[in-house]
Each structure stands twice: as C-alpha cells, then as structure tokens.
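2 protein chains.
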Amino acid sequence: MKAVVHHQPEGFDGLKVMDMKESNPGPGEVKVALKTSGLNHRDIWTLFRKRDSTDPVILGSDGAGVVEAVGEGVDRVHVGDKVVINPSLGWPTKTEAPPSGFEILGAPTHGTFAEKILIPSDNVEPKPTHLSWTEAGVLPLAALTAYRALFTRGKVQSGEHVLVPGIGSGVATFVLLMAKAAGARVTVTSRSAAKRERALELGADTAIDSSIEWKQQLNGDQADLIIDSVGPATFDQCLKQLRPGGRLVNFGETSGKTVEIPLRPFFFGQLNFLGTTMGSSEEFREMLQFVNDHQIRPVMDHTYPLSEAVEAFQRMEEGKQFGKIGLENE
Amino acid sequence: MKAVVHHQPEGFDGLKVMDMKESNPGPGEVKVALKTSGLNHRDIWTLFRKRDSTDPVILGSDGAGVVEAVGEGVDRVHVGDKVVINPSLGWPTKTEAPPSGFEILGAPTHGTFAEKILIPSDNVEPKPTHLSWTEAGVLPLAALTAYRALFTRGKVQSGEHVLVPGIGSGVATFVLLMAKAAGARVTVTSRSAAKRERALELGADTAIDSSIEWKQQLNGDQADLIIDSVGPATFDQCLKQLRPGGRLVNFGETSGKTVEIPLRPFFFGQLNFLGTTMGSSEEFREMLQFVNDHQIRPVMDHTYPLSEAVEAFQRMEEGKQFGKIGLENE
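Protein chains in written order, with the UniProt record's numbering: chain A, 1 to 330; chain B, 1 to 330.
Keep in mind the hints are simulated off the structure, nothing from the lab. A hint or two may mislead.
Copies of the same chain look alike in the list, so a pair counts if it works inside one copy or between any two.
As the list claims (entries may be wrong) - Below are the BS3-like pairs computed for lysine-lysine, each with C-alpha atoms no more than 30 Å apart in a straight line: (1) 155 x 240; (2) 240 x 50; (3) 215 x 50; (4) 94 x 155; (5) 94 x 215; (6) 257 x 240; (7) 215 x 257; (8) 35 x 21; (9) 94 x 2.
Bound-form chain A, shown alone (with noise of 0.2 Å):
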C-alpha cells in the first residue's frame, strides 16, 4: 500500500512517499482503510527526531476510514463502522500527566499516512455524521489538544475572556471554536490582516495585531485565560493581559525554547502558568461529544493527495497556512 513515511535521512531529505506492506490485525487491534488524514507540526518535528529504528515508519496522528477488519475479542467496532482515529496510545483516563509509555501514534508506531492502519480497537470512536470526511480526518490531534488546554487544564468558563495568540494553527482555531462555543469572548492576534480577518468572521470577538502594544488594543480589556503556542515573542504580552488569578496555558514554542517571567508581577498577580499537550481517550471521547453537541467543523486550509504529501509538509513549514491541511486517498 502507498503511504508517507520518514527514512534516513533524518529531515526533509527522508520525507518520502513508498510502498509498504499491509498486514492483518492482531488480537484487539482493527484495520480500518483511511479515507483522509491530517497534518502537524508533531509529523515535522518527527522528521528531525532521532529514532531507534533505522526502518522506515509511516507518518500522521490523524485520520479518519471505514473498518475493514477486526482483530480476536473485538466487539465494540465492527466492520463498516466509520470511525476517527484516537492518536493516545496508553493514556486512557484524563489524569494530570500521561502514564509511563504513553506515546502519540505516528511514529515510532505507524501513523495515518497510508491507505490502511492497523491500530487497537480502543483508538477509534465514531465518525461525527455532521463533518465531510476530509474534516474528521483532520480533527483528531489538534481537537483534542485545543480541548484539553480549554476545558481539562485551563477550565474555561461560560462569559469569560479567552486570548488566543498566533491564531492561524490548527489547535489555534479549534480553540477559538470551542471557546465560542462553551460560552467565552474570544481575543485573537497576529500579524497578518487576512489570518485577523479569518478569525473574525469564524466567530472572534475581536483581533489585534500582535506586533502592536496589546494593551492599548484590548484598551485594559485583560484576559481570564490564554491559550498559548508562541512562546518566548508574545509571552512578555501575554503575562501583562492577564488579570490577576488569571491562567496561561502553553502548549508550544514556536518563537523560541524559553520563556523569562518576572517573579513579583507574578506572585502579586496570583498568575497560574500550567503546561498541557494533546490528551488522553477519556479527553478525546469528552472532545468528540463537545464537537458533536455544538457542531463544530474544523477549519480548513488545504487538502492534497495523500501523493502530494511532500508539499502539504512544506505549506506547514511555511507556516503560511489558516487551519488544518488535510491528506486525501485516491
């Protein structure tokens, strides 16, 4: 079967698209044929990470297909079913940390990429009837990240305000969608004037421009709780929106490794820095509800065919892109 793996070498350079072997399910897993997948930054990094295998692994967290097969002593899923992929292998309830060999599928465990995955039968859950394939195959990661960073750590609450740097990402427009949705007002920033323009007419309260002076934008406007991936160019901002008693969750570092943060604004402010990633299944299953009870699409970018990954890598690098970019099985 055709799919997109990374082999040496590491980087770009190992991105291809080959011909792997299929195979059958063992005891509890299922084959489910992949409609579509889904792209993230995780597939990039995986590129440059250094692995113990020198094999080729097949790429890709998300995706959505059609059971094509059951493993012995499956009954929960059966062949037919239309399902998502759950990408949380051994993470089952929402705990505060992912236990000791947890790990996200795609590499070292073959991903989404590919025309068929095998993959325990716990990881899949019914497909929302009210998304097109191509956006349930690009819900997985980025969802449950966003849901986890809004609700499990950063406990969101119906009438409050929730900032948003750097919207643009896939997690980052989910959070703004679920925000909305649970009740909150919605701060974006960045700086591009069309990404703004985006936001807004997906349901943002309003939008700044991130290389602006923030608080004269919000006009002392502070936010109860940010959702942050930028890091170290926006977090000086960030810290100075937040009220006091307020909540910053990161979940990423595009701007920079570190982050500075003033010890007295802080512990006078009773500021709250909590650090989140995607979650487990309980959160994914909590997540799946929450997307089918408010009717949430994700917001769509780009999709290519699943033989064109090699570009849709690179519009991600470019970082050019407004929600998720999507892979297509011919």
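Chain B: place on chain A using the hints.
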C-alpha cells in the same frame, strides 16, 4: 507611645524608634495594647519603597496583645480579649486574587511595631491558647502566607512529597510544620549544615545541600509540590525535581527577579507554576484553626525588645535567622 517607624530618608537610615501619638478607636475599630510583634522581609522592603506621604509610618504586620478599647458598633470583640492581629486589610474571602484596595498592614497604614494599634475589629482573632505571647506575635503574616501557598494554591494532599528550597525563613519553617501536620513527606534544602540539622529536628524527612546536584541526593524521588521563595538560584533544579503534573508554588525572589522556563519539558511535563502571596481573612481564620488543631508553634529565632528593633532588622537583613524574629514591648 514608643514605635518603630520609617521616616526619611529611604533605606535603613530612615528606620527609627520614636514617639508617636496615641488615639482612640473610631467606629468599627478596636485598640489593642500590643505585647509582641514579629518581623517580616516586607518590613525591610518597606524601608526602600516610595510612599506618597513624608510623615513617619509605623512599620510591622505581625502582632498580638490585649484589646484595650472598642469603637462604636463593635460587638465581636471585647475589652480584655487576647488577640492576634490579621494583617490582611480589604481581602475578606478566599478569592483567586485580592480585590482592588487590598493592603497589608504596616505602611501605608500604621503597623504593629508600637505599644498600641488601632485596627478594624474584623482584623483581630482569638490568640491560640497554646502559644506564648512571643509565639503569637510572630505568627500572622508568615503563617498565612505558608497556609495559602500550601493549601489554597498548592492543594497539598496527605502522603505527597513536598519540597521546600531554602529552609530558614519564617514562611519556609511554617510550610515545613504545616506540611508535616497535613501528612506530607517533606524534603528541605539549604547550603547551611546547621539549618539542615534544625529542619530535621523539626520533622523534615530529608534535608539536602542546595549547592550540590539535587537529583542525585534525592535518588530520583521527585516532588509532587514545591513551595519556593528562592527564585532563580535553584529554579532549574526545582523544575527538574517536579514529577509530571506537579505544582511549583512561588511567593518570593530572594535570589533574583526573573526565572527562565524551558517550554518543552514544562508542557510535556504538564507542570504547574503558581504565584501566591499572603492571603485573605478567610484563610487567616482557617490558618488559626489549623494551628490550633495541630498545636503548631512558630519556630523562634531570636526576640529583641522593641527599642532594639534596628538590631532585629539587621539580623533579618543578614539572612542568618532560622525561623521568626520577634519584638517585645517592655
């Protein structure tokens, strides 16, 4: 009446023992004849802080004494009551952050380093009967700060491993005693062998040398909760010793003004960095209940007569104390 004040100029040269006018309680106020009071680092900072007024201001947040007169409309307190002073002005209930207008007793409002004090009747509480006057006089600010850090913010649970960097300060010694009373295991750090020895006598389970790699001394035994006021000097070691999902609560910056946080281990570790200060009146009453229930006694360093307050300030400035520094009225 004799009082320890800050008057011009800024700094230690403005620290003076002088005669101040006594007055009578207004409506809702009580007048307390103070028997003892206690020093906090805040009293030193106050010497260096710009104030609007150039009049002398009586320093001091901590104190205990006997009610000598009550103002109009006061019925919860009576003449002759033995009381401790609650230095939290304008923060009645346990909220995420203090309301605007919140103030700590002792500049700009006249404080406790005097023979008498006028204070709102809501800011006195019954003196714990198991404490001496000297012990009661040093309790308020440090015990309240420790209580909020450990319980309200840190949410310590019985059986957890609590790490207290830089044992020696009043707050740190209260954190040690309260954490033990709450059923936690406690590790302290200090560069001073004498302070480590004293902490072990007070019930610390482990005391490590803060100048040597902590991981090795702790044998991989990570902390659930760290209550820190040291800041940058040991912050990196703190982050590394925090278990996934653990909490680092900070209320001080004794080693420097900013800390650096590497984002990747922070968000992958699902870590929590929480700022705190002293607390509300509600927490002050909870703290007293806890101190009574567990018969906690402040660790006393040294007590000076009020007239020798300058020596007491010098001892605190040198940072050699272990526990609280008290003042006694003659």
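Hint check:
Taking identical chains as interchangeable, the C-alpha atoms of residue 155 and residue 240 lie at most 30 Å apart whether they share a chain (20 Å) or sit on different chains (26 Å). In this assembly of identical chains, the alpha carbons of residue 240 and residue 50 lie at most 30 Å apart only when taken from different copies (23 Å versus 38 Å within one copy). Only between protomers do residue 215 and residue 50 lie at most 30 Å apart by alpha-carbon distance; the minimum there is 26 Å, versus 42 Å within a single protomer. When the C-alpha separation of residue 94 and residue 155 is checked against a cutoff of 30 Å, the pair qualifies both within a copy, at 14 Å, and between copies, at 18 Å.
Taking identical chains as interchangeable, the C-alpha atoms of residue 94 and residue 215 lie at most 30 Å apart only when they sit on different chains, with a minimum of 28 Å there against 36 Å within one chain. In this assembly of identical chains, residue 257 and residue 240 lie within 30 Å of each other by CA distance both inside one copy and across copies; the values are 20 Å within and 16 Å between. Taking the closest pair of Cα atoms, residue 215 and residue 257 come within 30 Å of each other both inside a single copy (25 Å) and across two copies (23 Å). Only within a single protomer do residue 35 and residue 21 lie at most 30 Å apart by alpha-carbon distance; the minimum there is 18 Å, versus 84 Å between protomers.
Taking the shortest Cα distances, residue 94 and residue 2 never come within 30 Å of each other, neither inside one copy (35 Å) nor across copies (60 Å).
The structure fails to meet hint 9 from the earlier list, while all remaining hints are met.
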